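*Asks:* Model the placement of chain P on the given structure of chain Z, informed by the hints.
2 protein chains.
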Amino acid sequence: MAYLDAASAVPLHPVARQALQASLDEGWADPARLYREGRRARLLLDAAREAAAEAVGCRPDELVFTPSGTRAVHSGVAGALAGRRRAGTHLIVSAVEHSSVLHAAEVHEAGGGTVTQVPVDRTGRVEAAAYAAALRGDTALACLQSANHEVGTEQPVAEVAEVCRAAGVPLLVDAAQSLAWGKVAGGWSLLAASAHKWGGPSGVGLLVVRKGARFAPQGPGDERESGRAPGFENLPAIVAAAASLRAVRAEAAGEAARLRELTERIRARVPALVPDVEVVGDPVRRLPGTVTFSCLYVDGEALLHELDRAGFSVSSGSSCTSSTLLPSHVLKAMGVLSEGNVRVSLPPGTPAGDVERFLEVLPGTVAAVRERLGAPVAAEAVPRTGGDLVVDATGRRCPVPVIELAKVIGDVPVGGTVRVLSDDEAARLDIPAWCEMRGQEYVGEEPADRGTAYLVRRVS
Amino acid sequence: MAYLDAASAVPLHPVARQALQASLDEGWADPARLYREGRRARLLLDAAREAAAEAVGCRPDELVFTPSGTRAVHSGVAGALAGRRRAGTHLIVSAVEHSSVLHAAEVHEAGGGTVTQVPVDRTGRVEAAAYAAALRGDTALACLQSANHEVGTEQPVAEVAEVCRAAGVPLLVDAAQSLAWGKVAGGWSLLAASAHKWGGPSGVGLLVVRKGARFAPQGPGDERESGRAPGFENLPAIVAAAASLRAVRAEAAGEAARLRELTERIRARVPALVPDVEVVGDPVRRLPGTVTFSCLYVDGEALLHELDRAGFSVSSGSSCTSSTLLPSHVLKAMGVLSEGNVRVSLPPGTPAGDVERFLEVLPGTVAAVRERLGAPVAAEAVPRTGGDLVVDATGRRCPVPVIELAKVIGDVPVGGTVRVLSDDEAARLDIPAWCEMRGQEYVGEEPADRGTAYLVRRVS
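Quick mapping for you: the protein sequence lines, in order, are chains Z and P.
Per full-length UniProt numbering: the first sequence ends with 460, consecutive numbering throughout.
Per full-length UniProt numbering: the second sequence ends with 460, consecutive numbering throughout.
Please note: incorrect hints may appear among the correct ones.
[As the list claims (entries may be wrong)] Using C-beta positions, here's what the derived DEER-type ranges look like:
1) PRO119/Z - LEU325/P: 48 to 56 Å
2) VAL279/P - GLU26/Z: 30 to 38 Å
3) ARG165/P - GLY349/Z: 50 to 58 Å
4) ASP222/Z - ASP222/P: 17 to 25 Å
5) GLY227/Z - GLY137/P: 30 to 38 Å
6) ALA310/Z - GLY311/P: 55 to 63 Å
7) ASP222/Z - GLY395/P: 28 to 36 Å
In short, the hints are calculated from the structure, not lab data.
Because the structure is a prediction, the values reported are computed rather than measured.
Every residue gets a Cβ at the ideal spot worked out from N, C-alpha and C, and that includes glycine.
Chain Z extracted, bound-state conformation (with noise of 0.2 Å):
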């Protein structure tokens, strides 16, 4: 058994449980009453909020604690856009943000307001400059992760807060991936992260408004939490986030460097390992413990179960993996494959043996996958003579229209084209990357009678 999903959720440090435990006696009542049981909560409070600010390296007045990572986005965005409303309605979002920060650049355009989408290049990695250049007179608001959670790619943060604040915009991090590992370096305004992504208990997220941020919380509040996070604290559990942050921090140094050369070992060999495989995201500015890769002409949902069965547990930004059918939002604006993903995320603390084993049993679990669906095999394709090809896929679901791509791009002659009709949504991601990693030229989509036409042209 190997859990290798902790972009996801870490499991509880030892010092998270032991610190919930130990305060479920003495952190039950309400912080806010008089009597001793309500002051010793609310020592227990102060003392969590004092922890967790020195790890972000903020003032504990500048934080407050939400229920999860998410209500902290929420809440966040929310405020920081309320309170700059004489600014304008403009806010500036990475094209690769948590769905949180989408969901609410969505809430606000709905609302009225505008939103740009920075995007990012094929690591998934921003450019200060297109921020700079999203910037406008009336932008309230930009939102950058600190790094992404789908490929780990590393964010220049630093970079983004000193053009935001040249123009005298505050800049909202997303700090959940990588607050485990460090402080968010620069200028930023505005901090959220969560902590059941450090090794802390659910329940419990950050929000982080620096002094001199103008910030309005939206919707009903109360007395709690500065204003900024209505609700009983979810005290026990506060108490062991920070216990919790503190002490992944006090291992982060030593513990990054080991978790770097095992996803580096993943990052080299699966290729290797595995023909048609795509490793995605930054090589170098990248979180400690995530790698990601894609498989062409592999079911993610298939590899996933497989892996599972194998004693694996990792996650997948691929269509099929998706309550939607549609493939991460992520690999979607990196522009790179999105079939057969697989992120592995190590939690603090995995054994190198588990990678070992990971890397044993990944390149028969793809074949077995591969075998089942009728994935052509790497170079078989015999070039022959003859004209244009139609391949109709409709109906069929990734990673069947590329894999029918795959299996008949041999049969036209070099120039000519194959024409996929698809009415699958990852087709439109995956037919271009296939192209991108075959070699092959992709020529464009155009609407068809079910659903799209995608035309390749057979360049070698």
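*Replies:* Relative to the frame of chain Z, chain P by itself:
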């Protein structure tokens, strides 16, 4: 040491503690994931939902877990109002709702909606007829607590639900104070509750939306909890919440009878033990463990402090114990005395000895606080002839204005008046309440140079 503030928070039930610890190992992963750790978390979440739904008396798919009772109320009110937008924007609440309901109503009003507050009688109870009278063609939603959090009075929820149903208006019930004791009867449409009020952990609330009730979640959402409560589920705590609700219910009937007898002792004996006390709230239709009284000529904060020193943790609705220096809106709506207010709410399991000790300690504690304030000794004042009197109590806080009034009422003849000048908001409530308790005539108030002049006519 006796913690007697269950209405604020109940210490963790042993079953909650066990369930929490047991599920820390199984319940940390993302229940939306398909691998084994996610499936285990999902099983725990599903089981918790079924247990909670059974305790509420609803279908599991009608119930979602929220981060707190406050958030359940906020989301419930906003979603129900939005779901009924076509019907109109009129909202009905009782005047004695929990602040979370009133804050939601304020936000609704600020957004252009209209709100009617249904008044209560001197026991804090609404009349179903008053809800009927408040209903309009454009009423989108009505809210009513199952029982009051400050004075324990039970509300006629079933009757009000019937009145609302006849008008086609959904009723949202804030069941935070009563859910430990039993299901909420009647044809309500939405229900909110809070786990830490029944001995569950903090960080968990319930929101129930009956099938057929229109509901449109507001704000950014995600795919969790039927789109009604975004953010990673607070899972071990949810398991503990559901398990403890079931456990508390198993003990409810016996414990309710026992606590009711204990609070009856306080209701009966405090007025005999302490002069100039008003016991407030419905004497019969009330929560088993809650009893509230107000002491004339007493500073609530000083009394709480002295009781805390004596080992009793209670709360108060007196103005001096609130950050706003305003008396509790509940006591105000009831028109009862707010000074020297004490709420005693017994957690399940409170030993009879704690109540007896409280009754032993209370009289001396009240007397000491009164003595320090120079409060008049009952029936000491000797009538004298003379005209009307003016007492300038500006700049003095509750309970001083009432003390000054009581000191001089004997100095004016029957038929004469005392004019009390005060700039303390509590005087507006407490001077009429004093007149009611003392059988004097409260003539009314008028603006004065500083603050307000309250006119009292001596009639006995």
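*Asks:* Hints first: check each against the structure and report whether it holds.
*Replies:* Structure-based check of each hint:
At roughly 54 Å, the beta-carbon separation of PRO119/Z and LEU325/P lies within the given 48 to 56 Å, and the hint holds. The beta-carbon spacing between VAL279/P and GLU26/Z, approximately 33 Å, falls within the hinted interval of 30 to 38 Å. Our hint of 50 to 58 Å for ARG165/P and GLY349/Z holds, since their Cβ atoms are close to 56 Å apart. Between ASP222/Z and ASP222/P the C-beta distance comes to about 24 Å, which sits within the given range of 17 to 25 Å.
A hinted range of 30 to 38 Å for the beta carbons of GLY227/Z and GLY137/P is consistent with their spacing of about 36 Å. Range check, ALA310/Z to GLY311/P: Cβ separation about 60 Å, and the 55 to 63 Å hint holds. The hinted window of 28 to 36 Å between ASP222/Z and GLY395/P holds, with their beta carbons roughly 30 Å apart.
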